[in-house]
Amino acid sequence: MVVDHAVHAEGLVKNFGRVRALDGLNLHVDEGSLLALLGPNGAGKTTAVRIFTTLLKPDGGQARVAGFDVVKEPDRIKAHIGLAGQTVAIDEFMTGQENLEMIGRLYHLSGKDAKRRSLELLVQFDLTDAANRSAKTYSGGMRRRLDLAASLVILPPVLFLDEPTTGLDPRSRRQMWGIISTLVAEGSTILLTTQYLEEADELANRIAVVDAGRVIAEGTSDELKQRVGGDRIEVAVARDGDLGRAAEVARRQLSSDVSIDSHQRRLSGPSRDGTRQLASLVREFDAAGIEITDLQLHRPSLDDVFLTLTGRQAEEEKTSEPSRRWARRAS
Amino acid sequence: MASVTALAGTRYRPISGRPAFVWALLDAMVLARRSILETIRVPELIVFVAIQPIMFVLLFRYVFGGAIQVPGGQYVNFLMPGIFVQTVAFGGVTTGISLAQDMQRGLIDRFRSLPMSSSAVLTGRTVADLARNLFTVVIMLIVGFLVGFRPGGIPFEFLLGILVLMGFSFAFSWISAFVGLMVRSVEAAQSFGFIWIFPLTFASSAFVPVATMPSWLQAFARHNPVSVLADALRGLFHVNPALTAADTRWALIQSVAWILGILLVFIPISVLRYRRTTAR
Ligand SMILES: Nc1ncnc2c1ncn2[C@@H]1O[C@H](COP(=O)(O)OP(=O)(O)O)[C@@H](O)[C@H]1O
Ligand SMILES: [Mg+2]
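Protein sequence lines, in the order shown, are assigned to chains A and B.
The opening residue of the first sequence carries number 6 in my numbering; numbering runs sequentially from there.
The opening residue of the second sequence carries number 97 in my numbering; numbering runs sequentially from there.
Hint data in this document are derived by calculation from the structure and do not stem from the laboratory.
Here a beta-carbon is modelled for each residue, glycine too, at the ideal position from N, C-alpha and C.
All clues stand as given, with none of them false.
Anything over 10 angstroms on all C-beta distances counts as not near chain A; from chain B, calculated:
| # | residue |
| --- | --- |
| 1 | PHE117 |
| 2 | ALA163 |
| 3 | LEU256 |
| 4 | ALA307 |
| 5 | HIS319 |
| 6 | ALA341 |
Output of the computed footprint for chain A on chain B, the stretches with three or more beta carbons under 8 angstroms from beta carbons of chain A:
| # | segment |
| --- | --- |
| 7 | 119-126 |
| 8 | 133-145 |
| 9 | 198-211 |
Part of the chain B face toward chain A, derived, beta carbon under 8 angstroms:
| # | residue |
| --- | --- |
| 10 | THR106 |
| 11 | ILE111 |
| 12 | ARG130 |
| 13 | ALA375 |
The whole structure should be built from the sequences, with the hints applied where relevant.
Given below as structure tokens:
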């Protein structure tokens with residue numbers, strides 16, 4: 006078996022009536038890495054996941070998962086993947102343990118193995134105390150954990166997580182992030198979709214920004230940030246008279262490309278070595294007797310990246326309504 | 097707070113080398129168990145499964161029983177077979193509602209992503225609903241007996257009647273399964289599920305003799321599977337002296353034909369539909 010990439014998609018197209026959910030999607034996930042598919046509501050993330058997990062057939066293009074073709078070998082794929090879909094798919098009336106055992110049986114583990122594995126997962130996901138309670142009584146975070154545990158029953162070579170933290174409180178979200186990071190650290194291959202830029206930043210080895218069914222940018226978090234100009238350091242000085250001297254210091258420390266806003270008594274310049282430069286700037290200002298009122302390192306967020314990307318796109322062609330809404334919220 | 101440090105667990109090997117039909121059965125059993133657990137654990141369902149049918153028996157027996165005249169027999173004896181058929185027909189609607197619910201909750205998506213048999217979700221559910229309907233019928237038999245229902249004939253005929261009734265229950269569950277998979281929402285499964293059951297059960301011989309209806313309705317009511325089955329049961333239970341042995345045999349043949357016809361159509365189209373369906 007030739008496993009080039011754990012997930013590999015070329016030119017995927019999927020239409021729902023008049024809606025083109027995927028419009029030539031290309032992406033690949035390297036083995037042992039996490040790719041975040043980042044995009045607004047309606048971008049086509051779930052549709053892509055459904056094609057990879059063989060729930061939907063593409064109208065065009067090709068995709069391979071764990072080395073198997075999604076259209077020709079769906080049964081082989083199913084034995085190699087785990088899916089935690091966008092909605093928590095657990096049976097409310099069964100206990101946590103019963104849920105996991107059922108999934109184990111449906112992966113065709115023996116009854117004994119299904120039980121052993123479910124007990125193992127309950128411990129790992131901190132659900133032992135609730136193991137014999139019906140899932141109906143679980144909190145949102147516990148449900149998500151149980152749902153994720155269910156997708157890990159066979160320790161699948163490739164894992165699909167569709168918006169695994171949507172709707173969770175910040176604390177439960179952090180907890181999910183911890184679990185997902187651990188999975189990646191231990192060598193899992195994961196395709197994760199998210200609407201949260203922060204989440205992709207935190208978890209992903211690589212990020213594919215998707216909008217209107219197409220990947221519009223791809224790379225590491227840093228690479229994407231570079232596209233909007235990288236880190237910048239901003240300084241505000243207390244006295245008008247200090248602005249010129251401060252700019253001189255900044256030019257020496259940062260680069261000649263320092264912009265000055267005399268109204269606000271602020272200046273900013275690109276930074277290659279963020280925090281260390283902050284420290285030396287503080288020392289130099291101090292030595293020169295320049296009083297500063299504000300000093301910050303501005304790291305472009307993925308919000309900036311997305312706005313830069315779709316902002317440009319919005320001028321060229323009509324952006325779909327959902328992304329417009331999302332962009333407004335993100336700004 | 098979970099402090100997940102290591103997730104690398106034991107990788108268990110799936111059982112291999114079993115033929116597909118064995119897996120279809122085993123997977124269906126796993127899922128039938130799930131559905132039965134749900135029935136036992138949800139209090140509202142117990143109301144639907146046991147209390148509502150008992151109320152129907154008592155209401156029809158004592159409220160309408162005095163007003164409705166049936167030729168040559170007691171109304172309670174005429175009524176009970178009709179109530180059985182009506183109950184299992186309504187019971188079948190839950191099949192579609194449960195499937196629509198599973199779909200909404202993303203469970204069908206999860207099941208479809210597993211390397212399991214693609215008919216098991218449907219067979220598991222319909223078989224569980226069959227068991228539930230049998231339980232309901234047994235309760236109604238007991239209550240019916242207490243209020244004067246007295247089937248005649250030999251035990252074989254009685255058991256054959258129950259068997260055909262269960263076949264009908266199973267067939268209706270499959271129609272309902274298809275409806276549930278098509279509409280994909282619980283609310284729609286509820287309304288679409290019942291909307292066709294009402295005329296079918298009430299414009300039939302289930303509660304009143306067809307001869308009392310206007311003639312345009314009689315044509316429909318006579319060929320309606322609910323009527324056919326109710327008449328077959330009345331014949332087999334020997335509770336309607338107006339039915340000859342030949343009438344009973346004919347009603348029985350028609351009932352079995354309906355059941356087989358429905359299963360032959362709805363099992364394949366439901367499984368096909370299941371294979372392509374996803375939650376919205
Ligand atoms: N089953 C479906 N039927 C019709 N349209 C759909 C269906 N699933 C998704 N869509 C449409 O396809 C587009 C992409 O949806 P989706 O993949 O769910 O996006 P995302 O997961 O990124 O929010 C949306 O416009 C959505 O309305
Ligand atoms: Mg989605």
